[in-house]
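Mind docking chain B on chain A? Use the hints.
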Amino acid sequence: MQWETVIGLEIHVQLATQSKIFSGASTAYGAAPNTQACNVDLGMPGVLPVLNQEAVRMAVKFGVAIGAQVAPRSVFARKNYFYPDLPKGYQISQMELPIVGTGALTIELENGESKVVGITRAHLEEDAGKSLHEDFHGMTGIDLNRAGTPLLEIVSEPDMRSAAEAVAYAKKIHALVRYIEICDGNMAEGSFRCDANVSVRPMGQKELGTRAELKNLNSFRFLEKAINLEVERQIDIIESGGRVVQETRLYDADRHETRSMRSKEEANDYRYFPDPDLLPVELDDAFIEEIKQTLPELPDEKRQRFESDYALSLQDAAVLTASRELADYYEAVVAAAQSDPKIAANWVLGELAAALNRDAVDISNSPVTAKLLAGLLQRIADQTISGKIAKQVFEAMWQGEGDADAVIEAKGLKQITDSSAIEKMVDEVVSNNPKQAEQYRSGKEKLFGFFVGQVMKQTRGKANPQQVNELLKKRLAQD
Amino acid sequence: MHNKSITELAAGLRAGDYSSVELTQYFLDRIQRLDGELNSFVTVCKDEALSAARAADQQLQTGEAGVLTGIPIAHKDIFCTEGIRTTCGSKMLESFISPYDATVVAKLKAAGVVNLGKTNMDEFAMGSSNETSYYGPVRNPWDTETVPGGSSGGSAACVAARLAPAATGTDTGGSIRQPAALCGITGLKPTYGRVSRYGMIAFASSLDQAGPMTTSAADAATMLQVMAGFDRRDSTSADQPVPDYSAGIADDLSGLKIGLPKEYFGEGLDASVAKSIEEAISEYRKLGAEVLEISLPNTHLAVPTYYVVAPAECSSNLSRFDGVRYGHRCEDPKDLEDLYKRSRAEGFGDEVQRRILIGTYALSAGYYDAYYLKAQRVRHLISDDFTRAFEQVDVIMGPTTPDSAFHIGEKADDPVSMYLSDIYTIAVNLAGLPGISIPVAPAAGKPVGLQIIGSYFAEARLLNVAHRLQMATDYHQAAPAGI
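Protein chains in written order, with the numbering used here: chain A, 1 to 479; chain B, 1 to 483.
Since the hints were made in silico from the structure, they are not lab data. Incorrect hints may have been included.
[Claimed, not checked] If you anchor each label on the Cβ, the simulated ranges turn out as follows:
no. : chain 1 : residue 1 : chain 2 : residue 2 : range
1   : B       : Ala15     : A       : Gly141    : 32 to 42 Å
2   : A       : Thr106    : B       : Pro304    : 48 to 58 Å
3   : B       : Pro304    : A       : Leu250    : 16 to 26 Å
4   : B       : Glu82     : A       : Leu295    : 18 to 28 Å
5   : B       : Glu278    : A       : Leu279    : 38 to 48 Å
6   : A       : Glu54     : B       : Leu287    : 48 to 58 Å
7   : B       : Tyr367    : A       : Leu250    : 23 to 33 Å
8   : A       : Glu54     : B       : Tyr367    : 32 to 42 Å
9   : B       : Glu82     : A       : Gly400    : 53 to 63 Å
10  : A       : Gln304    : B       : Tyr367    : 45 to 55 Å
[To be verified] Here are the simulated BS3-like pairs of lysine-lysine, each with C-alpha atoms no more than 27 Å apart in a straight line:
no. : chain 1 : residue 1 : chain 2 : residue 2
11  : A       : Lys79     : B       : Lys374
12  : A       : Lys473    : A       : Lys462
13  : A       : Lys342    : A       : Lys462
14  : A       : Lys130    : B       : Lys334
15  : B       : Lys109    : B       : Lys46
16  : B       : Lys341    : A       : Lys130
17  : B       : Lys4      : B       : Lys107
18  : A       : Lys79     : B       : Lys341
19  : A       : Lys206    : A       : Lys115
20  : A       : Lys171    : A       : Lys342
21  : A       : Lys435    : A       : Lys462
22  : A       : Lys215    : A       : Lys79
Glycine included, every Cβ here is placed at the ideal spot set by N, Cα and C.
One chain only, chain A, in its complex shape (with noise of 0.2 Å):
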């Protein structure tokens, strides 16, 4: 049988706010345990929580940029449950009334297709601590830094067919949510998380199979994997005669298999209801048009102006547009190198970007900064070096060695142009080779190739290329 599977995605976004959603503590990452949290973090009696205004301008920014409604009135809702890194016993998120309704995202799938992915909404919460189980012998410690970290949750329809669309999709997300700066992206770090809800059904049903929700995937890779383990594991179970149940699997990523959290029959009542604490959050069309007003060109904007300002591929304008510091340094590169546009991506798309990969660089912390890359590449321009030449000096440039000027200085990298000595050297290569350049003149036109060579040796590659070329062709054709 054929099975078709049917993914949605939700997706937690650890807004980059200074202080927590609820209270002034810091929400930096990394502090001792217990460091960032005060007496509203500490659920201690009588504290009360008060919102973070940051925390819905940043969700206000997000609805904007997916074209979603934003709520003029949204409501925060408790969700009760104990546990111990839940400090009040509930916690403080959106439920009926969350601040962003329906929006929806397109994204680019590897045929070169594109696919509209409906987003049902995203709302407002509050981040529960950390439980720590090792190195307690026995016990476990709670770290409560993170309590109260705002949180944006982003859910999706069930509208993604493959791991590779939901990748795809959770990477469009990963992108915009960096863009309009309200999250630094730092999965490792746990800024960004997703939840993936996947289940299978026959080819051309109509009613969704029964889900099972996949946790713990944080990166894409893990994604991916587990999305498609998981697509396994349901197919094989039906047609073994089984079914499917609803429940929560964490993905193990060291033994590369998902196992079962809780059961939907084991699923907590949370018992949702307003939180009388905090007042509904009104926003009006003013203000949200002000939010409008402050967002940058957006992902898909900006690639499409890549691909007609600067007359670049879809490809490479896609890639380029992937992050908002990727784009912004090519375009920096171009505006400084006055170049070829198509020559900067080719720089930024190659050499800059195997570096980068090769010494797991962030382009932020890039050793060859767009200024840097732009000098490079007027030099390549005015032919002072070339292409070939310009490789080196962009190593010794990553290397730290200076801009491209005191490179090409320091090392003799200046590309001769100065014709008369091109000759001379073209003369003595010519004479020194009589036997090759005989064959050449009898028709064995192969041997250009090694004139050239033989040129580009003696001045170890700094003669410039086509006057190499030219004066060659001349000089052979002689006698």
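Frame of chain A, contents of chain B only:
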């Protein structure tokens, strides 16, 4: 000395008749002598009080003092007090020392008030008789066989017995007004949002409100002046200016329109209580007020509505008492579930557990719409009753309670009859309105309270109306025998 009002005590401090240390010691001695029987205090803060009094004396000398500087008061044990045990009347918090001061506590402290100690209360403010306290029942100083009311029973009893000139209280369904009525003192529940709830251990967040408990309306005005105001730590506190509550307190009442809801004078109201209330209304007529009968048709829905909303909120508010970070933890829990179950079963008393269960049920999947949502709708109806009434009248008057103080143990096994003792006060909380209870003519030797209900933020009006009666009569000056 203990029969003096705050204003008189403040004048004495300024005149140098006594120091704050002497005044504080005087009340500490009274507590020592009289509270053994009354049990109105859970914790007496002798050292802290005397040290605060010394600081106040210095301020008085340098002339930087305000009206309340050096005046000793008591705090209901529901307010968090930094460095001082805050039990909320529960075993759960028997050894809980708060790391911070509630806003009300901090404001009074900043005004130079001396904290004598923390007063007894029904556990987590759930009760109308002070019998649910883990620290034992409080006795009514007028008749020690009877209850002082609740949940602010300790505050009411200690002010009635003149163990403190004033105390703070909180009112979720009548917890300031009902004990004030039963103990013959003045108790004001302000408009919801008028006083910050920050640091006040939450019972039912949408209903809880702090207020003063004093021997007179004039003293209540002085206390409220400091307690009221916007607090950025409480999103539900009102960002509205605080008027001068003492300025118009003696204003003439001629032309005042008083509404008497017929529903407050029907079945269930004790005849002698009704008589005392009628007497007080006659006084108001003499003062120039016009009295109209009005109707609050949804009155009968107030108690059932309250007993859905309040338990629902409390079931969630009390989840934080889980034995993990502070408060009671059971011995040797075998796993997490055991830790939760036993810590909470051991730490909470019967009434608290009953309300957590009711609230959990009301919020459960499948019941939410029928109970909680419906209760919220009825709440609007109740609120609308008052809105319509205030189109006709300036204030609403009636008995604070259907009966005077009942005997200890009398209603302890009958929760519904206990709940009905708040029948006239609960609607005011559901609507978020201000209400004050002041003593009127006693019934068979026991205090009776007149409740005056005002429109939103009409505290100044309520204090004015209450004060005029206290100018014309001396009901509020009566003290229990032997005090």
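These are the hints, each one checked on the structure:
no.	hint	in the structure
1	B:Ala15 - A:Gly141: 32 to 42 Å	60 Å, violated
2	A:Thr106 - B:Pro304: 48 to 58 Å	53 Å, holds
3	B:Pro304 - A:Leu250: 16 to 26 Å	45 Å, violated
4	B:Glu82 - A:Leu295: 18 to 28 Å	45 Å, violated
5	B:Glu278 - A:Leu279: 38 to 48 Å	42 Å, holds
6	A:Glu54 - B:Leu287: 48 to 58 Å	54 Å, holds
7	B:Tyr367 - A:Leu250: 23 to 33 Å	32 Å, holds
8	A:Glu54 - B:Tyr367: 32 to 42 Å	37 Å, holds
9	B:Glu82 - A:Gly400: 53 to 63 Å	55 Å, holds
10	A:Gln304 - B:Tyr367: 45 to 55 Å	53 Å, holds
11	A:Lys79 - B:Lys374	20 Å, holds
12	A:Lys473 - A:Lys462	19 Å, holds
13	A:Lys342 - A:Lys462	24 Å, holds
14	A:Lys130 - B:Lys334	21 Å, holds
15	B:Lys109 - B:Lys46	16 Å, holds
16	B:Lys341 - A:Lys130	22 Å, holds
17	B:Lys4 - B:Lys107	23 Å, holds
18	A:Lys79 - B:Lys341	20 Å, holds
19	A:Lys206 - A:Lys115	19 Å, holds
20	A:Lys171 - A:Lys342	25 Å, holds
21	A:Lys435 - A:Lys462	26 Å, holds
22	A:Lys215 - A:Lys79	19 Å, holds
Comparing the model with each earlier hint shows violations of hints 1, 3 and 4; every other hint is respected.
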